[in-house]
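Below are the chains, spelled out letter by letter.
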Amino acid sequence: MNTAMNTGPLLRIEDLRVSFRTARGPVLAVNRVSFSLHDNEVLAIVGESGSGKTLTGLSVLGIEPPGAWVTGQIWFRDEELRGASQRRLRDIRGASIAMIFQEPMTALNPSMTVGRQVAEVLRRHQGLSVQDARSRVLELFDLVRLPSPDRHLHSYPHQLSGGMRQRVMIAMAVACGPALLIADEPTTALDPTIEAQILNLLNDLRTTLGMSVLLITHNLGVVSRMADRVIVMYAGHVLEQAPTAELLAAPAHPYTTGLLGAVPQPGSNADTRRLTPIAGQVPLLRAEPTHCVFSPRCAYAEPRCLTAQPALRQVPPGQVDIITDNAHQAACVLDRIPDPAYPTPATAPGAPAPGAQAPGAQAS
Amino acid sequence: MSWLIARQVVIAVVTLLLATVVVFGAVHALPGGPATALSADSTSPAALAATMQRYGFNQPLPVQYVRWIGQVLSGQLGTSPITDIPVATQLEQRLPITLELGVLSLLFAVALGVPAGVAAAVRPGRVTDWVASTVALGGLSLPHFWFGILGILIFAVHLHVLPSGGFVPLSGGIGENLLHMVMPMIVLGTGLAAVIMRQTRAAMIEALGADYVRTARAKGMREWQVIWIHALGNSLITVITVIGLQLGGLIAGVVTVEEVFNIPGIGQLTLDSVYQRDYPTLQGAVLLIAAGYIIVNLLTDVCYTLINPRLRVTVTGGAT
Amino acid sequence: MTAGVAGPDRPAPVSARAAARIVRAARARPRFAALAVVGAVGSLIVVLVAIFGPLAAPYNPNAVNFNLVLAPPGTAHHLLGTDQLGRDVLSRMLYGARTTLAAGIVSTLLGTAVGLPYGMIAGYFRGPVDMLLMRIADVMLAFPFLLLAVGLAAISQPTLWTAVLALGVAQVPAIARIARGATLEIRDLEYVQAALVNGESDLTILRRQILPNVLRPVTVQTTVAIPTSIVGASILAFLGLGVQPPTADWGGMLAQAQQYLYQSPWLGVFPGVAIFLTAFCFNLLGDGITDALNPRRQR
Numbered sequence: 001m002n003t004a005m006n007t008g009p010l011l012r013i014e015d016l017r018v019s020f021r022t023a024r025g026p027v028l029a030v031n032r033v034s035f036s037l038h039d040n041e042v043l044a045i046v047g048e049s050g051s052g053k054t055l056t057g058l059s060v061l062g063i064e065p066p067g068a069w070v071t072g073q074i075w076f077r078d079e080e081l082r083g084a085s086q087r088r089l090r091d092i093r094g095a096s097i098a099m100i101f102q103e104p105m106t107a108l109n110p111s112m113t114v115g116r117q118v119a120e121v122l123r124r125h126q127g128l129s130v131q132d133a134r135s136r137v138l139e140l141f142d143l144v145r146l147p148s149p150d151r152h153l154h155s156y157p158h159q160l161s162g163g164m165r166q167r168v169m170i171a172m173a174v175a176c177g178p179a180l181l182i183a184d185e186p187t188t189a190l191d192p193t194i195e196a197q198i199l200n201l202l203n204d205l206r207t208t209l210g211m212s213v214l215l216i217t218h219n220l221g222v223v224s225r226m227a228d229r230v231i232v233m234y235a236g237h238v239l240e241q242a243p244t245a246e247l248l249a250a251p252a253h254p255y256t257t258g259l260l261g262a263v264p265q266p267g268s269n270a271d272t273r274r275l276t277p278i279a280g281q282v283p284l285l286r287a288e289p290t291h292c293v294f295s296p297r298c299a300y301a302e303p304r305c306l307t308a309q310p311a312l313r314q315v316p317p318g319q320v321d322i323i324t325d326n327a328h329q330a331a332c333v334l335d336r337i338p339d340p341a342y343p344t345p346a347t348a349p350g351a352p353a354p355g356a357q358a359p360g361a362q363a364s
Numbered sequence: 001m002s003w004l005i006a007r008q009v010v011i012a013v014v015t016l017l018l019a020t021v022v023v024f025g026a027v028h029a030l031p032g033g034p035a036t037a038l039s040a041d042s043t044s045p046a047a048l049a050a051t052m053q054r055y056g057f058n059q060p061l062p063v064q065y066v067r068w069i070g071q072v073l074s075g076q077l078g079t080s081p082i083t084d085i086p087v088a089t090q091l092e093q094r095l096p097i098t099l100e101l102g103v104l105s106l107l108f109a110v111a112l113g114v115p116a117g118v119a120a121a122v123r124p125g126r127v128t129d130w131v132a133s134t135v136a137l138g139g140l141s142l143p144h145f146w147f148g149i150l151g152i153l154i155f156a157v158h159l160h161v162l163p164s165g166g167f168v169p170l171s172g173g174i175g176e177n178l179l180h181m182v183m184p185m186i187v188l189g190t191g192l193a194a195v196i197m198r199q200t201r202a203a204m205i206e207a208l209g210a211d212y213v214r215t216a217r218a219k220g221m222r223e224w225q226v227i228w229i230h231a232l233g234n235s236l237i238t239v240i241t242v243i244g245l246q247l248g249g250l251i252a253g254v255v256t257v258e259e260v261f262n263i264p265g266i267g268q269l270t271l272d273s274v275y276q277r278d279y280p281t282l283q284g285a286v287l288l289i290a291a292g293y294i295i296v297n298l299l300t301d302v303c304y305t306l307i308n309p310r311l312r313v314t315v316t317g318g319a320t
Numbered sequence: 001m002t003a004g005v006a007g008p009d010r011p012a013p014v015s016a017r018a019a020a021r022i023v024r025a026a027r028a029r030p031r032f033a034a035l036a037v038v039g040a041v042g043s044l045i046v047v048l049v050a051i052f053g054p055l056a057a058p059y060n061p062n063a064v065n066f067n068l069v070l071a072p073p074g075t076a077h078h079l080l081g082t083d084q085l086g087r088d089v090l091s092r093m094l095y096g097a098r099t100t101l102a103a104g105i106v107s108t109l110l111g112t113a114v115g116l117p118y119g120m121i122a123g124y125f126r127g128p129v130d131m132l133l134m135r136i137a138d139v140m141l142a143f144p145f146l147l148l149a150v151g152l153a154a155i156s157q158p159t160l161w162t163a164v165l166a167l168g169v170a171q172v173p174a175i176a177r178i179a180r181g182a183t184l185e186i187r188d189l190e191y192v193q194a195a196l197v198n199g200e201s202d203l204t205i206l207r208r209q210i211l212p213n214v215l216r217p218v219t220v221q222t223t224v225a226i227p228t229s230i231v232g233a234s235i236l237a238f239l240g241l242g243v244q245p246p247t248a249d250w251g252g253m254l255a256q257a258q259q260y261l262y263q264s265p266w267l268g269v270f271p272g273v274a275i276f277l278t279a280f281c282f283n284l285l286g287d288g289i290t291d292a293l294n295p296r297r298q299r
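Residue numbers (the numbering used here), protein chains in the order written: chain A, 1 to 364; chain B, 1 to 320; chain C, 1 to 299.
FYI, nobody ran anything at the bench for these hints, they're computed from the structure. Since the model is a prediction, treat every value here as computed from it, not as a measurement. Hints may be right or wrong, so weigh each one.
Said to hold, decoys possible - To give an idea of the interface, some chain B residues facing chain A are shown, with a C-beta separation under 10 Å as derived from the structure: (1) D211; (2) V213; (3) T215; (4) A218; (5) L236; (6) T300; (7) Y304; (8) I307.
To be verified - So these bits of chain C aren't anywhere near chain B, every CB distance computed over 10 Å: (9) L133; (10) I136; (11) F145; (12) S234.
The beta-carbon is built from N, C-alpha and C at its ideal position, and this holds for glycine as well.
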């Protein structure tokens with residue numbers, strides 16, 4: 001699916017940590033996150049709200065909210081972004097790395113025409129004249145399949161529908177042909193039919209323009225349609241990463257299993273497959289975790305889960321020592337998730353599980 | 001949108017008419033009756049009778065009102081019993097002077113207030129903000145006539161760099177004209193600058209935290225573009241609205257400043273006519289000020305309608 | 001506004017909630033809170049001076065003394081000097097606090113007393129009543145306080161009360177507008193509708209449901225309006241449209257000082273400093289209260 005294992009990765013995050021100072025103490029929002037993204041690849045970061053996935057995306061561009069304390073290294077090709085000057089970052093943003101956001105109504109300037117907002121990027125990074133920029137904007141509007149491009153050159157955001165606004169945002173983002181597009185929940189605020197259109201558009205664009213996409217979402221359906229690889233984040237930690245097909249078919253972390261179990265499956269037997277939401281909420285970490293961050297909500301938690309946050313390791317274990325980016329890794333002490341459809345003696349009701357603790361599905 | 005503007009114009013006209021009714025009523029409430037007030041010689045019965053005849057004070061009130069409006073519209077505002085100069089002439093001569101003072105002060109206030117507000121908003125809570133905000137609060141609390149007196153004391157009396165008052169028309173050279181306007185302009189504009197600064201700051205802080213500013217930065221726009229085009233562009237609406245609300249204070253300011261610096265404008269005329277009980281002039285001046293005030297408010301409202309893109313292309317009823 | 005104990009289904013009285021908010025805001029932003037405290041203390045001092053100052057005045061403020069005209073500050077027995085009629089400046093300053101402060105505060109209270117019900121009625125009943133009231137308010141807005149004072153001065157003799165009236169009337173439209181806006185917001189909420197359905201009279205609803213919620217923004221506006229009124233009162237006195245000489249008043253003192261600027265500049269300094277500091281302290285206080293009581297703090 002991806003061919004770029006011979007060249008270096010397009011984007012490499014190493015040991016990223018983001019914390020905030022709040023009135024009640026520090027909050028560790030992103031903790032020791034590392035991953036790579038290659039050319040022409042779509043990598044999805046999946047997680048619930050509060051998992052730190054959006055912050056990770058913002059940190060790549062260096063536009064995290066004020067008050068955020070960021071450490072770690074972010075390599076874009078051969079350049080380390082965290083050490084780059086603001087000037088250099090501004091040249092990169094919008095030109096080499098672009099970002100689209102969740103809510104296009106608020107993400108677009110309400111008192112500027114959409115045509116001008118797109119033209120702005122072109123003139124900033126490519127120095128186009130007003131005329132050239134305008135014709136280029138029309139081309140871009142065509143590219144993103146915006147109806148009546150001429151008319152909408154002079155439209156304001158509030159005159160467009162949600163789907164059209166998102167198309168404008170995409171046009172703005174791909175205008176200068178970036179190598180990497182960061183998409184933060186691009187379809188969450190849209191109707192399902194529009195959602196499908198936008199996802200198709202993104203897919204086509206990435207093929208046509210040869211772009212990589214860092215897709216941030218909580219929607220596994222979106223992931224299955226677009227992503228080559230997936231990273232699962234929880235409470236600021238990476239809990240699992242794998243190629244998409246493998247993750248969906250054979251998840252190696254109980255959290256992922258839970259996420260998949262909570263996804264409605266159309267066409268399945270409604271009575272045999274019940275939605276199993278994961279009880280509890282994503283915790284807000286204030287200090288380095290002394291146990292697995294997911295253990296309070298985990299159905300399979302054991303005493304050794306409470307000693308430390310497990311490191312990412314190869315799944316299934318014992319394979320080759322070389323860890324490639326394509327490898328399936330999970331941050332769990334278990335080698336295998338017991339299948340809930342076939343209860344083992346450990347999970348049979350009434351029987352005490354060998355070494356299992358109670359903290360199963362209690363609301364936290 | 002043009003419907004909206006038409007509606008605003010209609011409301012302004014109605015307000016103007018009501019204001020004239022108020023002025024009309026006030027004149028008739030004057031001690032001794034309007035005839036006494038408006039005639040040149042208020043003791044001689046013959047003069048009084050002539051005035052009664054001329055203004056038709058023996059007619060029913062509505063008729064008088066209509067006649068009076070007719071006279072006002074045709075420029076007949078009477079003659080000052082004190083100076084014998086037609087009121088309309090006085091107003092005509094003095095209006096440009098007051099306008100020059102007002103416009104210069106407004107420009108000064110905007111040129112000072114907007115950048116200060118932006119500077120404070122870009123680093124909220126830091127030293128720049130703290131200093132600017134406190135100075136602005138001081139500017140708000142400053143009685144401008146005292147400010148003017150201090151200015152005269154320092155710059156005219158002690159340092160001799162600026163004239164202590166008076167006015168030189170443009171025909172006397174633009175340099176002299178502006179030199180006489182410097183202190184009055186600063187005195188009048190400071191209070192307004194303070195209000196503008198605070199409003200700009202508040203609007204900018206909100207704008208800078210908005211999503212579209214994050215998008216602009218994500219696009220790689222330069223910081224000055226983010227601040228001055230994206231954020232400020234969205235803040236101007238509130239700033240203009242607030243300027244409109246401050247105009248009442250500006251009128252009071254014009255009168256006092258003209259008094260302190262001895263500038264022959266409408267404000268000084270109004271004040272003098274009160275002291276001298278020169279009612280025809282007073283009536284004309286008050287009418288002019290009220291009308292001017294309503295017109296400026298209308299312009300502000302129209303400006304707001306034109307700038308707000310939501311109102312520009314979609315018709316929304318009841319904009320206020 | 002019902003005073004009383006907070007119970008399970010009865011929220012704490014408005015004043016207690018407001019006080020709690022203020023304390024919380026002060027803790028969160030100590031630097032600005034410090035300023036507000038300075039403002040509060042300063043305002044309190046001025047008010048005390050206005051009330052008790054005249055008791056401490058060494059001389060009768062109107063006592064003339066032609067032997068000691070225009071004495072500079074520091075002269076024996078005259079800490080701040082004397083004016084052109086030999087009257088003691090310090091005593092006049094102490095007495096002057098009264099007129100300035102009284103005019104500022106009373107006019108604001110007057111404007112609030114009228115503007116609050118005005119706006120509430122307009123917002124509550126809406127329709128033609130609202131339109132009529134708002135048009136009248138627009139006309140009032142067309143006459144800035146100065147014009148009103150001028151008009152009143154022309155009709156009758158200018159006194160402290162014409163000034164107070166002019167300043168008060170000038171504030172009615174602004175307060176009415178705020179009260180109306182707050183009323184409009186609350187009027188359509190469910191619990192008001194419920195009360196209506198229960199057959200409660202309009203007056204009761206206005207008093208018990210709407211009034212407490214309108215009070216907050218109106219209080220904010222009132223505290224902000226006081227320093228403006230104080231300065232406005234001094235402007236009117238300065239122009240001779242308010243308090244008349246020989247009554248001691250800061251604005252009036254400044255008016256007289258103009259003629260003697262060359263030989264006795266301090267006459268033009270002291271009253272102005274007093275007005276400035278008073279307005280400044282009230283402004284600091286007003287800002288502090290505004291910040292604390294406004295839910296969306298955009299400081």
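Going through the hints against the structure:
1. D211: holds (4 Å)
2. V213: holds (8 Å)
3. T215: Since the shortest Cβ distance to chain A is 5 Å, the answer is holds.
4. A218: Since chain A brings a Cβ to about 5 Å from A218(B), closer than 10 Å, the hint holds.
5. L236: The hint holds - L236(B) has a Cβ within 10 Å of chain A, the shortest such distance being about 9 Å.
6. T300: violated (18 Å)
7. Y304: Because about 12 Å separates Y304(B) from the closest Cβ in chain A, which is outside the 10 Å limit, the hint is violated.
8. I307: holds (8 Å)
9. L133: holds (13 Å)
10. I136: violated (8 Å)
11. F145: violated (7 Å)
12. S234: Non-interface label on S234(C) violated, nearest chain B Cβ at 5 Å vs cutoff 10 Å.
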